Amino acid sequence: MPQITYRQAIKEALAEEIERDPNVFVMGEEVAQYNGAYKVTEGLWEKYGDKHLVDAPISEAGFIGLGIGASMLGMRPVMEFMFWSFCYVAFDQLLNNGSFCRYMSGGLMNVPIVVRGPANGGTNVGATHSHTPENLCANHPGIKVVCPSNAADAKGLMKTAIRDNDPVFVMENTVLYGQKWEVPEEEYLIPMGKANILKEGKDISLIAHGRAAITALEAAGKLAEEYDIDAEVLDLRSIRPLDVEAILATVKKTNRVVYVEENKPFASVGAQITSIIQEEAFDYLDAPILRVSTIDAPQIYSMPLEKIQIPDADRVVKKVLKIC
Amino acid sequence: MTAKKKTKSVKKAERWQDVDVHELAKLEINQRLTDEEKVRLYTDMVRIRRFEGRSLRSYQEGKIGGFLHLYEGQEACAVGTISLLGADDHVITAYRDHGHALAVGMSMNECMAEMYGKHTGCSKGKGGSMHFFAPDKNYWGGHGIVGGQIPLGTGIAFALKRQGKKGCCLAYMGDGAINQGAVHEAYNLAGLWDLPVIFIIENNAYSMGTSQARSSAYPECLAQRAEAYGMDWDTVNGNILYDVRAKTYEAIKRAHEESRPTVLEVFTYRYRGHSVADANHEKYRSKDEILDYKENKDPITLTRKQFIEEGVLTEESAKDIDKAAMEEATASAEFADKSPFPPATSILEDTYWSMDNKGQDPQIDELNQGRFIFEDGGVYDK
Ligand SMILES: Cc1ncc(C[n+]2csc(CCOP(=O)(O)OP(=O)(O)O)c2C)c(N)n1
Chain A
106 MPQITYRQAI
116 KEALAEEIER
126 DPNVFVMGEE
136 VAQYNGAYKV
146 TEGLWEKYGD
156 KHLVDAPISE
166 AGFIGLGIGA
176 SMLGMRPVME
186 FMFWSFCYVA
196 FDQLLNNGSF
206 CRYMSGGLMN
216 VPIVVRGPAN
226 GGTNVGATHS
236 HTPENLCANH
246 PGIKVVCPSN
256 AADAKGLMKT
266 AIRDNDPVFV
276 MENTVLYGQK
286 WEVPEEEYLI
296 PMGKANILKE
306 GKDISLIAHG
316 RAAITALEAA
326 GKLAEEYDID
336 AEVLDLRSIR
346 PLDVEAILAT
356 VKKTNRVVYV
366 EENKPFASVG
376 AQITSIIQEE
386 AFDYLDAPIL
396 RVSTIDAPQI
406 YSMPLEKIQI
416 PDADRVVKKV
426 LKIC
Chain B
3 MTAKKKTKSV
13 KKAERWQDVD
23 VHELAKLEIN
33 QRLTDEEKVR
43 LYTDMVRIRR
53 FEGRSLRSYQ
63 EGKIGGFLHL
73 YEGQEACAVG
83 TISLLGADDH
93 VITAYRDHGH
103 ALAVGMSMNE
113 CMAEMYGKHT
123 GCSKGKGGSM
133 HFFAPDKNYW
143 GGHGIVGGQI
153 PLGTGIAFAL
163 KRQGKKGCCL
173 AYMGDGAINQ
183 GAVHEAYNLA
193 GLWDLPVIFI
203 IENNAYSMGT
213 SQARSSAYPE
223 CLAQRAEAYG
233 MDWDTVNGNI
243 LYDVRAKTYE
253 AIKRAHEESR
263 PTVLEVFTYR
273 YRGHSVADAN
283 HEKYRSKDEI
293 LDYKENKDPI
303 TLTRKQFIEE
313 GVLTEESAKD
323 IDKAAMEEAT
333 ASAEFADKSP
343 FPPATSILED
353 TYWSMDNKGQ
363 DPQIDELNQG
373 RFIFEDGGVY
383 DK
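The listed protein sequences derive, respectively, from chains A and B. Numbering-wise, my numbering comes out as the position in the first sequence, counting from 1, plus 105. Numbering-wise, my numbering comes out as the position in the second sequence, counting from 1, plus 2.
This is chain B alone, in the form it adopts within the complex (with noise of 0.2 Å):
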């Protein structure tokens, strides 16, 4: 067989490995960050790191149920995304969703009391680790189905056009969502009805145990499949704040300028399994890899090294950072341990706008008609 020759496109794909991190620091949007934003990104991507370090050990203390993804290795991408988010723009995300949780203002508190199951959870214990939601802080959550977000981040970034808003919004999937029906569906409307939305996908390379390789034709770049739908797309150095920042940055200056999508493939890694159940995940992968991600490509190790560098932070500093990080995870723990379980009246809670308002809309009590509690002897609501 000869060789295939490399397609324009495929070089763009590539373009992400040879980042230079003293060139992107010069761009624009990097160079105007004062010293305290720069500190503040960076506590942001370590508070991630400590959050998830410390959701692990209460996992497995027995305190966390269910499902639990972590999102160690990938910090940059939701801090760096963010990090150029105004008021009138979005997020919304799978199920992967502490860091950009964090990433918006979410307290640990409240996260870490959701994954409890406490009634001062962000979603008062009803969602769990996959389905934080702040609409007040722009977050639509934490969505457990995988790509069905997609239509819905497509949806916000629909409304904010209609409503003659300058917002946009970052809809976030995997590299396995992409091949869902819904995520291509969601494309062809946001390519065709212009719509100022910016999909992005955290390519960690792996989905649950399945390589990249292994779920996608045409694998070597995901985010080309935009090009099927009229849509601009680039690749990202998911370990390199400044490149999250700069492309992502053209991105939202595409949707709030020009009203067009954009699909970035931010490409990144997980040192976790895909789940804290999977336990095997050196199964798929081998330590080795690990360990080179860990060791030379890890996010929050160049970061501090790039901001030691510009004098931003010193050894010190970032040892201050990562310690007060740690305090608040752990505090947040104890937080979410001494918090009270919701009461089992709040279960038929939160279910219709119409009876959660009763009062607010005179038909209110007939709405509340035909409602199971499935108490003793079975009775229904009235």
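Pulled out of the complex, with its shape left as it was, chain A reads as follows (with noise of 0.2 Å):
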């Protein structure tokens, strides 16, 4: 299989999805002459012209809006955020229109749109450019919200988010964008809801969505290597809907938890995905469920204590060390 970069993947996905259905669209700041913010959209409006590929003025609430509206009458919008981190100007739409339209008509629309754009920290763009939204957009019932940790996934989970009926909220990481993967030649969907076992392991399950899973897996190695503990990494890929039957297995099968996220701390992903195990899988377990995230402060822009405060494997050892 040849290798691609995240970026290259994501694009693949929307150029094939923009040829199999002529009302997709892609909107956003700067994603058609200038080619991207990140580049991701590149080649494309070159390739597909102004039909399929939109850039709006800097106004998330007025265009992210007209996306939603579009979606009522059929079209496949693509929204770019250039940043997740902008969402929340445009949050009402987001929130009451997009997830709600359907609900408040008892089931007589629906908004098949995608939002998507990389949310992450460890850029050193401090607080403003730092968000990871995605608890807060999964605390919202008719949204789903798809977290990819690598090429392959983000190209199968934003094809899949794109013929999706329902909003999908697509978060990627401006850090694995130019990093590359092995992704498939041949057309594949990649469904939400399926987590993905990166590495198996028998001693401690570390389970992340996002680049955190790339952070896990890194942990593992150090894990096999240093301590000789087997650890498995359980990579989400999508927040809502949530794959619970997986994390439950990965549980029963090794009795202990980490949970790894970039969101931070309080009421995160993390946190969610704790009261599941303890509810369901109480007897299971062997040690507290412990999680590793973002150090909860506003996220700092000095570049070594950035570094610090999101999470990397070492201060995923440690929490492992803590229970093993």
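Mixed in with the good hints, there may be bad ones.
[As the list claims (entries may be wrong)] As a list, the in silico DSSO-like pairs of lysine-lysine whose alpha-carbon atoms are at most 27 Å apart:
#1 B:K307 / A:K299
#2 A:K412 / A:K144
#3 A:K156 / B:K28
#4 B:K296 / B:K307
#5 A:K156 / B:K167
#6 A:K156 / B:K321
#7 B:K255 / B:K296
#8 B:K325 / A:K152
#9 A:K156 / B:K163
#10 B:K299 / B:K40
#11 A:K152 / A:K304
#12 B:K65 / B:K325
#13 B:K28 / B:K255
#14 B:K307 / A:K152
#15 B:K14 / B:K321
#16 B:K325 / B:K307
#17 B:K28 / B:K13
For the record, the hints were derived by calculation from the structure and aren't laboratory data. Because the structure is a prediction, the values reported are computed rather than measured.
Mind docking these for me? Both chains are given alone in their own frames, and the hints should help you get the complex.
And the structure:
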């Protein structure tokens, strides 16, 4: 299998879906003529033109709302946030209109929209540009939230998201954009709600989402090499729908859990998963569930300090050693 | 201070005040109405009035929960504008949505039942008074966040244009909504991309208890802000059905033929408080003001007068229409009363398309995981 970047994988997903369905269009700031702030859409405007790649003015509430309205008439908008950090100026549209219109109409309508863009820290851009709103968004029934950790997932999940009839928020990661993974050459889809075991193991479960899954994998390597601990790494892929079965299965197998995430810890995804595990698999636990999250403060700018603030493999290893 | 010289725009803004019904009647768009159609328009206005009256009673009886924003006094706006729409035209509005719902052809029964929170309501009792929907009638709600529906309406227009359809979207808002940022973002997109949308400001002079003068800079005319976004605009006498039709017709033509947006400011008046909970509405406006509107500017009275003059209605037939509307409204309250509440299981339904359409999509069962029902024992749904 050829290796391609995470960025390229998303671009291929967008291109393939544009070719498949004339209703698909990508809209966002700088997505067309500028080739995308992070070059995810590079070359697509040249190839597919104004009908499929639309540069929007800097007005997130306006264009996200417009995308939702267009989706009500059967369009398949893929809306880009230059950063998910900018979602808050459009939050009313995303939540009250994107996620609730179907419900409030008693199921008479649906909103088949994808909202995508990077949602991560770790790039020294300060608190305003380092948000990870997956927990906030997943708190709203009606929305699906996807956090791909690698190129193959990013492509397969993006294609699924575009074909899905509900609003799907895809949270990408600027740190991963340039990294390469093996990606199948033939067409494929990855369903939402199916977690992925990145590494089998028997001593402890490292459960994670987004780039934290890669961090967990790295930690699992160190644990094996330096401490002879065989960790299983479960990548959730999507937060909502959530693969509860896979979570419980790994807990029942290893009886120990550390949740790894780049969310801040208070009311985070990890907090939710912890609650589910203690409710559903309490008897299988041999130790308290521990969590490794981004340190609970607004994201710091200073380069060496932000490295400390977000989880790395060493922090995960330390946490694991407390219960293994 | 020297008196301000009136600009061209101010003159245009004030144009709505001196419309002449007889002149308007001669316009082709009004001329072409058959007697039957005129009776229908009148009937629809009366039906809204009576429906609102009946829902107020139901609210006072404790049958309707939450907020109730009544449309009495504004009937000519919904009926006049919507009377011009064709199969490819769409409607979206705010929470004061009963008038538009009835005007697009939704039944009193489904609307009343919705407010009663019944399973037979248009949204199965999930939306309530502020959230009526009927996509089959191109009616996209019913939205509770002030100004939030305006980007959606702009998106509907975007989709129509992109799909190569000839339709347009009427997106209604109040005079208070005009100060929301999302409205201006949508204005910019509509002007920038030549979208076939008509923004209709139903200016009933107040946003809750705040008069327009206390909420908007340059309050003489809200529609004129359209100029900043390269859009056409006009002002409308919302008490004169023929004026509503005439100005809306021009805007629809512009949307259909040139794919250009328009802002219309319809001067109208609400008789009731902002919502029924707004019992003190005579504190921010005078009894005399309300009385003046009811006695001299009432859209239903003025329309009736005109239609009687034209020989389309008689005092008798008008009374019959009123009686029938009252009976229909009473029947809708009885229908709502008798209807069942939705079953508890419906709390979870209609959240995700993919959950509601199990079996139609190969991935559904997986998608269904991770849904939480806080029932006894707090288990999740598998
Ligand atoms: C974002 C938001 N802010 C405040 C409110 C509360 N609110 C509901 S209606 C209203 C007044 C709006 O007035 P206007 O736009 O003139 O419409 P009208 O009620 O006169 O039809 C307010 C303040 C709301 N629903 N949404």
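Verification of the hints:
1. B:K307 / A:K299: Violated. K307 (chain B) to K299 (chain A) sits at ~67 Å, over the 27 Å cutoff.
2. A:K412 / A:K144: 25 Å, holds
3. A:K156 / B:K28: Outside the cut-off at roughly 43 Å; violated.
4. B:K296 / B:K307: 14 Å, holds
5. A:K156 / B:K167: Holds, because 15 Å separates the two Cα atoms, which is no more than 27 Å.
6. A:K156 / B:K321: Outside the cut-off at roughly 54 Å; violated.
7. B:K255 / B:K296: At roughly 33 Å apart (the allowed maximum being 27 Å), K296 (chain B) and K255 (chain B) break the hint.
8. B:K325 / A:K152: Since the Cα atoms of K325 (chain B) and K152 (chain A) sit roughly 63 Å apart, the hinted pair is violated (cutoff 27 Å).
9. A:K156 / B:K163: Holds - the C-alpha atoms of K163 (chain B) and K156 (chain A) are around 11 Å apart, at most 27 Å.
10. B:K299 / B:K40: 19 Å, holds
11. A:K152 / A:K304: Outside the cut-off at roughly 39 Å; violated.
12. B:K65 / B:K325: 23 Å, holds
13. B:K28 / B:K255: Cα-Cα ~18 Å, so holds.
14. B:K307 / A:K152: 62 Å, violated
15. B:K14 / B:K321: Roughly 38 Å separates the two Cα atoms, so the pair is violated.
16. B:K325 / B:K307: Given that 27 Å is the threshold and the Cα spacing comes to 18 Å, the pair holds.
17. B:K28 / B:K13: Roughly 23 Å separates the two Cα atoms, so the pair holds.
Of the hints listed earlier, those the structure fails to meet are numbers 1, 3, 6, 7, 8, 11, 14, 15, in rising order.
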